[in-house]
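Trainee: If you want the building blocks of each chain, they are given just below.
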Amino acid sequence: GEDVEQSLFLSVREGDSSVINCTYTDSSSTYLYWYKQEPGAGLQLLTYIFSNMDMKQDQRLTVLLNKKDKHLSLRIADTQTGDSAIYFCAVYNTNAGKSTFGDGTTLTVKP
Amino acid sequence: KAGVTQTPRYLIKTRGQQVTLSCSPISGHRSVSWYQQTPGQGLQFLFEYFSETQRNKGNFPGRFSGRQFSNSRSEMNVSTLELGDSALYLCASSLTGTNTEAFFGQGTRLTVV
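Each protein sequence line maps, in turn, to chains W and S.
Be aware that the first sequence starts at 1, since it is given in this note's numbering, and climbs by one per residue.
Be aware that the second sequence starts at 1, since it is given in this note's numbering, and climbs by one per residue.
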C-alpha cells in the first residue's frame, strides 16, 4: 500500500523559514495535503496541491511537488511561535479512495 | 458555517464495553471518513461513508463499525473494547469524498481502562 514518510522533528528560530519534507510511494496519488495539528485539537487543513501542479503559494505557505521523485515540501515563511505544531502530509489515492498520512513533523519555533 | 462536530470530546470506558461516537459533518457535505490516531500507529483510516453507504474500509477488525444517516451524520461503534483501542478518533467531512478537501473535527479522545 501507500507509504508516506516525514522527518519527525524540526526546530527553527522565529522569523526564519521552515521547510517540512514528505516523500510518498504511490505515483497514482491525485491530491496531496498539508494539515496542522495543535495540542488537543483535530487536524486543520492548511493547503493542498493537485498532482499535476509543481507549486502552490498561499500567503506564507509554499508547497512544492516533485512528482518524479515523489517528494512534497511545505515552506512556511517568517515562521512565528504560533506555527509550533505537528504538521501532517497526506496523500489521496483515487484507487483506494482514502488518504494516507505521514507520522507528522513536530515543528518547534524558538523566540 | 459550522465546522465538523464530534461528540463526545472525551470518553472513558472499561475493557469489554462498547462505545458509540458521533460526527456531524459540515452542512452539505455527504462524505464522512473516520480515522484513529495513536502515538504508535499514527493516523490510520477506518472507513468512509457516502450517502449512507460504506464506500471504503481500512484494515481494522470487525469490532469497528459505523453507519451514516440520511442527514449525513455518522456514528462509529467499537464493541468489546480493548486497551489498545485508546486513541483519538477523528472524523473528516468533505463534499463528495473523492478528490476534494477534507475538514476534520476536534476528535473524540477515548480512554479504555
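Source of the hints: derived by calculation from the structure; they are not laboratory data.
Where is the CB? At the ideal position from N, CA and C, for every residue including glycine.
Hints should not be assumed to be uniformly reliable.
Some chain W residues close to chain S (C-beta under 10 Å, calculated; not the full set) [unchecked claim]: (1) Ser27; (2) Tyr31; (3) Tyr33; (4) Ala41; (5) Leu45; (6) Tyr48; (7) Ala77; (8) Thr81; (9) Gly97.
Trainee: None of the hints should be skipped; say for each whether it holds.
Mentor: Structure-based check of each hint:
1. Ser27: violated (16 Å)
2. Tyr31: Given a least distance of 6 Å, the restraint on tyrosine 31(W) holds.
3. Tyr33: holds (8 Å)
4. Ala41: holds (6 Å)
5. Leu45: holds (6 Å)
6. Tyr48: Because about 6 Å separates tyrosine 48(W) from the closest Cβ in chain S, which is inside the 10 Å limit, the hint holds.
7. Ala77: violated (23 Å)
8. Thr81: Hint on threonine 81(W): violated, closest Cβ of chain S at ~22 Å, above 10 Å.
9. Gly97: Where the cut-off is 10 Å and the nearest Cβ of chain S is about 4 Å from glycine 97(W), the hint holds.
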